[in-house]
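*Asks:* So you can see what is in the structure, the chains are spelled out below.
Protein chains: 2
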Amino acid sequence: MTTDEAGRTGNAGKAGLAALTQPLAPLLSQLDAFLEEESAAFEPEVREMVRYAFAHSGKRLRPILVFYSGWGAPEKAADLVKAAAIVEMVHLATLVHDDILDDASLRHGAPTLVEKYGAHASVLVGDAMFSQALCLASEFGTTEVCRVVARATRRVCAGEIGQTFARGDDHLSREKYFRVIELKTAELFRASCRLGAYAAGYGEAFAGAADAYGMHLGTAYQLYDDVADLVGDEKKIGKTLGTDLASGKFTLPLLLLIENLPEEARRGELARLAGMGPAELAGILQEGTVMERVHGAFRAQIDAARSALVPFPEIPGAAPLCGLADYVGGLLEG
Amino acid sequence: MTTDEAGRTGNAGKAGLAALTQPLAPLLSQLDAFLEEESAAFEPEVREMVRYAFAHSGKRLRPILVFYSGWGAPEKAADLVKAAAIVEMVHLATLVHDDILDDASLRHGAPTLVEKYGAHASVLVGDAMFSQALCLASEFGTTEVCRVVARATRRVCAGEIGQTFARGDDHLSREKYFRVIELKTAELFRASCRLGAYAAGYGEAFAGAADAYGMHLGTAYQLYDDVADLVGDEKKIGKTLGTDLASGKFTLPLLLLIENLPEEARRGELARLAGMGPAELAGILQEGTVMERVHGAFRAQIDAARSALVPFPEIPGAAPLCGLADYVGGLLEG
Numbered sequence: 001m002t003t004d005e006a007g008r009t010g011n012a013g014k015a016g017l018a019a020l021t022q023p024l025a026p027l028l029s030q031l032d033a034f035l036e037e038e039s040a041a042f043e044p045e046v047r048e049m050v051r052y053a054f055a056h057s058g059k060r061l062r063p064i065l066v067f068y069s070g071w072g073a074p075e076k077a078a079d080l081v082k083a084a085a086i087v088e089m090v091h092l093a094t095l096v097h098d099d100i101l102d103d104a105s106l107r108h109g110a111p112t113l114v115e116k117y118g119a120h121a122s123v124l125v126g127d128a129m130f131s132q133a134l135c136l137a138s139e140f141g142t143t144e145v146c147r148v149v150a151r152a153t154r155r156v157c158a159g160e161i162g163q164t165f166a167r168g169d170d171h172l173s174r175e176k177y178f179r180v181i182e183l184k185t186a187e188l189f190r191a192s193c194r195l196g197a198y199a200a201g202y203g204e205a206f207a208g209a210a211d212a213y214g215m216h217l218g219t220a221y222q223l224y225d226d227v228a229d230l231v232g233d234e235k236k237i238g239k240t241l242g243t244d245l246a247s248g249k250f251t252l253p254l255l256l257l258i259e260n261l262p263e264e265a266r267r268g269e270l271a272r273l274a275g276m277g278p279a280e281l282a283g284i285l286q287e288g289t290v291m292e293r294v295h296g297a298f299r300a301q302i303d304a305a306r307s308a309l310v311p312f313p314e315i316p317g318a319a320p321l322c323g324l325a326d327y328v329g330g331l332l333e334g
Numbered sequence: 001m002t003t004d005e006a007g008r009t010g011n012a013g014k015a016g017l018a019a020l021t022q023p024l025a026p027l028l029s030q031l032d033a034f035l036e037e038e039s040a041a042f043e044p045e046v047r048e049m050v051r052y053a054f055a056h057s058g059k060r061l062r063p064i065l066v067f068y069s070g071w072g073a074p075e076k077a078a079d080l081v082k083a084a085a086i087v088e089m090v091h092l093a094t095l096v097h098d099d100i101l102d103d104a105s106l107r108h109g110a111p112t113l114v115e116k117y118g119a120h121a122s123v124l125v126g127d128a129m130f131s132q133a134l135c136l137a138s139e140f141g142t143t144e145v146c147r148v149v150a151r152a153t154r155r156v157c158a159g160e161i162g163q164t165f166a167r168g169d170d171h172l173s174r175e176k177y178f179r180v181i182e183l184k185t186a187e188l189f190r191a192s193c194r195l196g197a198y199a200a201g202y203g204e205a206f207a208g209a210a211d212a213y214g215m216h217l218g219t220a221y222q223l224y225d226d227v228a229d230l231v232g233d234e235k236k237i238g239k240t241l242g243t244d245l246a247s248g249k250f251t252l253p254l255l256l257l258i259e260n261l262p263e264e265a266r267r268g269e270l271a272r273l274a275g276m277g278p279a280e281l282a283g284i285l286q287e288g289t290v291m292e293r294v295h296g297a298f299r300a301q302i303d304a305a306r307s308a309l310v311p312f313p314e315i316p317g318a319a320p321l322c323g324l325a326d327y328v329g330g331l332l333e334g
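Line by line, the protein sequences are chains A and B. First residue of the first sequence: 1, per the numbering used here; consecutive thereafter. First residue of the second sequence: 1, per the numbering used here; consecutive thereafter.
In short, the hints are calculated from the structure, not lab data. The structure displayed is predicted, hence computed values, not measured ones. Among the clues, some could well be false.
Just so you know, same-sequence chains aren't split out, so a pair can sit in one copy or run between any two.
To be verified - No farther apart than 30 Å at their CA atoms in a straight line, the calculated lysine-lysine pairs in the DSS-like style are these: (1) Lys176 - Lys76; (2) Lys116 - Lys176; (3) Lys116 - Lys249; (4) Lys76 - Lys239.
One chain only, chain A, in its complex shape (with noise of 0.2 Å):
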């Protein structure tokens, strides 16, 4: 349901990220460690679930959003740590809890939990990996990162119930449609990003700037997530848009081939297009200007992110971050 990061950009990718981040690698390290070391922070009761759910997550994005926008702040790297923790751990509960609601068998290429432990255990293991992540929150100094933490879990998971009931909604406008990408996905990119500014002590200003920038960053990042089976060869995009109708989910492509249709044509329309064949529907998204325009949406995106640090060339974590708009940008064109 959020987005899936398994391995999705290709090797040359996957290279570009990991020059991108190679600074961080001490960093991600002391994460890992931190992780390993806080699952023995939970219960007995809880305590091998939690692992197992800590040892099959991601690329760390959040992380390496916290730790670059706390760049340069090398005293602070406990706390730019914790904060890595804290996102991360919110993350991979709501990973935790997707997984039951799809009913999904593997993530990350590993059983997931849900799978492993059934329902009943992992509902109950993200809710304690949502809260545990709280009580980090509640070590720093001042109740601020607790605010933010919280409030972002809130809005992911009203970004979640916004995209379940906007399947199959033929009246879905574009501003819906972002404000689920924004909520599920750019929430917590944006959360990162203003924690690790506050935990490096960057002030407000950058703080907001950082937030600014994780937004955009996270709803490009949502839309190349949606549209990456909608690129490259013909047969794989027809399947692709012939599942998506079939099932009621909207991609932004699927959005503009109706967004100029009066709404009483709309349902018509989607009806039509579910009953092509897949070469049909991919000669369809090719002949037109959607894919362009899908482009342009996710080019506006990543050219806001980056703008958004423009006023403050003299934060160290600004270049890299830049850098990481640029690798994002990159994956919708490779």
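Here the structure of chain A is known, so what remains is to put chain B in place on it, guided by the hints.
*Replies:* Chain B alone, transformed into the frame defined by chain A:
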């Protein structure tokens, strides 16, 4: 799964509680108004569901504990109401998740959230309620409220998982049983008492005592809840015991029936009990010392709750809290 607070105590019990909490009426109605306003803080995607969950709530036991633990500090009413809203929201969130796991269709006489909106939305609404409780916690001047609430929530989840795995465990000891009920029920009682004392500014010594009081009262309350259907007429007792045996659910009486047997004999004894009819089962329970020992364990918790408050006669809430302990103490006798 957690305490069923739906009118089990009958009219006499209800009247007793109403008299005890009559002085709290203004605070309780402020709490209702606060929760109603608070539902507007949620994103529009979840607001209707949250309002539904808030409207179908129970006896407000945890808010009552907050209010009496902070009794006598009218200038702190706003903080006490906020603390009460926090613990009630955490409690309601756990009920939302419990009802999904138990596939429950009714609670307090109304359709559950999962019955009305489905499991998918309910998992996320529960998450959003947890998150908003922590948002409120972050509005206090220090991180203490966040810390207490997040820790309690984590421990409640651990208790519920412990309970899940305790089902059918014929090596279940009295220690394991008490640990489960302390975590799943008493933990939020003690957090409620601690937060009331904190919000009223009564200092750490009384906060610690209120915490201990809450722990013992919560344990007694869950003991009562576990055995309430094992008191009264023979037919009901035998039937309840039979159902518990068949589903592998342990209550203290069942545990006491087998705890003195060598481990290898327990499974056989459980099978023998499961093979009995309701009348025979009720007879075994009533003839032996089991129910006497259950009452003893229950009274010990009530006494410990009262004792915790003895050193604080000057705290205005100590007397009504003792009254509340007497009320709970009377539940099992009735």
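*Asks:* All hints, please: hold or fail.
*Replies:* Against the structure, the hints come out as follows:
1. Lys176 - Lys76: neither (39 Å within a copy, 41 Å between copies)
2. Lys116 - Lys176: between (35 Å within a copy, 24 Å between copies)
3. Lys116 - Lys249: Both ways: Lys116 and Lys249 sit 28 Å apart in one copy and 23 Å across, limit 30 Å.
4. Lys76 - Lys239: neither (49 Å within a copy, 62 Å between copies)
Checked against the numbered hints above, the structure breaks hints 1 and 4 and satisfies the rest.
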